[in-house]
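Peer 1: Sequence:
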Amino acid sequence: MKPRLFGLLSFLCFINLFSSAPVFAQELETKTIKAEPIVKKINRTGKLTFKRTLNLSFKSSGYLEELNIDEGDSFIKGQLLAQLDSEELTAEKNASYARLLQAKREIRRINTLLSKKLSSQQALDDAKTLVETTRASHKIAQYNLVKSQLIAPFDGVVLSRYTELGELQSPNQSALKIAAVENNLVVRVALTASEVNLVNLQQRIDLNLTQYGLVTGTVSKIPAISDQQSHLFTIEVLLENLKVNQVVVGQLVHILAEVMTDTFSYRLPLEALNSVDSQGKALVMVLDTNSTETKSYRQQEFLIKQLSNEYIYLSAQPSSPPLTIVTRGWQHLALIENKPLDQAQ
-18 MKPRLFGLLS FLCFINLFSS APVFAQELET KTIKAEPIVK KINRTGKLTF KRTLNLSFKS
42 SGYLEELNID EGDSFIKGQL LAQLDSEELT AEKNASYARL LQAKREIRRI NTLLSKKLSS
102 QQALDDAKTL VETTRASHKI AQYNLVKSQL IAPFDGVVLS RYTELGELQS PNQSALKIAA
162 VENNLVVRVA LTASEVNLVN LQQRIDLNLT QYGLVTGTVS KIPAISDQQS HLFTIEVLLE
222 NLKVNQVVVG QLVHILAEVM TDTFSYRLPL EALNSVDSQG KALVMVLDTN STETKSYRQQ
282 EFLIKQLSNE YIYLSAQPSS PPLTIVTRGW QHLALIENKP LDQAQ
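Here my numbering is used: position 42 in the sequence shown is 23, and no number is missing along the way.
Do not rely on the hints blindly, as some may be mistaken.
Claimed, not checked - Computed Cβ-Cβ distance ranges for the label pairs, DEER-style:
1) Gln184 <-> Thr34: 40 to 50 Å
2) Tyr124 <-> Asp54: 26 to 36 Å
3) Pro302 <-> Pro204: 21 to 31 Å
4) Gln130 <-> Ile88: 31 to 41 Å
5) Thr34 <-> Asp106: 42 to 52 Å
In short, the hints are calculated from the structure, not lab data. For each residue, glycine too, the CB sits at the ideal point set by N, CA and C.
Construct the complete structure from the given sequences, taking the supplied hints into account.
Peer 2: What follows is the structure, given as structure tokens:
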């Protein structure tokens, strides 16, 4: 046990021993405690943010001709957000289509000559190849023209705008940063290694949002490794039923979760603790179940599993029998250890 915890427990035992009324006037109180799983609490503060964001950019270069959205604006799926000046792209599409028509006419001409034995099979094969390459060029020109527009892929909101009307765009330059408004809000919170072992995917967790109240989310992401600098694990809690316009993205969120572990213990009130021995074990006055003639109590030692402001958790097993402990008046019994209760009084 850590020296600080040992000192704290010793101080609490000292207060319990010499506080309240005289020991002989104290009324003896007992309580039956059952072995139960330890419940761990996760009490952390996280940040509300978007789970996924998307940077939109144009496929081809060109000058920005139309911008229908700004930062903070909402949009619907299929809406035109921005568009390039398409005159050059339209001309390229028309030119590629003209070359495709010419290549098809060339095949017909060579077929005619070949029927008169005025051409060769090689010339026909070359003409067919030219048709396929010009058809591919035409499809690329059509694709580039379509991609001269930024169409909303989902219902969302604009987070950032990186361009202005008339500005030259390039394929490696982002024009807009957007985020979906449906099932895209998460709370990111950093946990220690011991805390992250208490949570599982799809686990329900309660969160307290400022000016909104208590909501319930689902753990949607648990990282495999910790952050290299903080050594903490940042999990994500998905808020499925929350809309973007209902909260302030970026606000702090308080997370409080109670997780039942596989470790069993006896949960005793702190006032039942007699003392802590030199090995760091808790000494508690319990009912002697081996005594059949008269009710008597004896001091028993336990390993300490956990300590809170109100309770001390003593080591137990799932099959451990219930304990009857003395929560008040044990000071008098401790002075007359191994004597029956009748004689102690």
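Peer 1: Taking the hints in turn, state whether each one holds.
Peer 2: Against the structure, the hints:
Separated by about 25 Å at the C-beta atoms, glutamine 184 and threonine 34 break the suggested range of 40 to 50 Å. Range check, tyrosine 124 to aspartate 54: about 28 Å between beta-carbon atoms, so the 26 to 36 Å window is met. Checked against the hint of 21 to 31 Å, the C-beta distance between proline 302 and proline 204 comes to roughly 42 Å, which is inconsistent with it. In this structure the supplied range 31 to 41 Å holds for glutamine 130 paired with isoleucine 88, their Cβ-Cβ distance being about 35 Å.
Take threonine 34 and aspartate 106: their Cβ atoms lie about 51 Å apart, and the range 42 to 52 Å holds.
Of the numbered hints listed earlier, those contradicted by the structure are 1 and 3.
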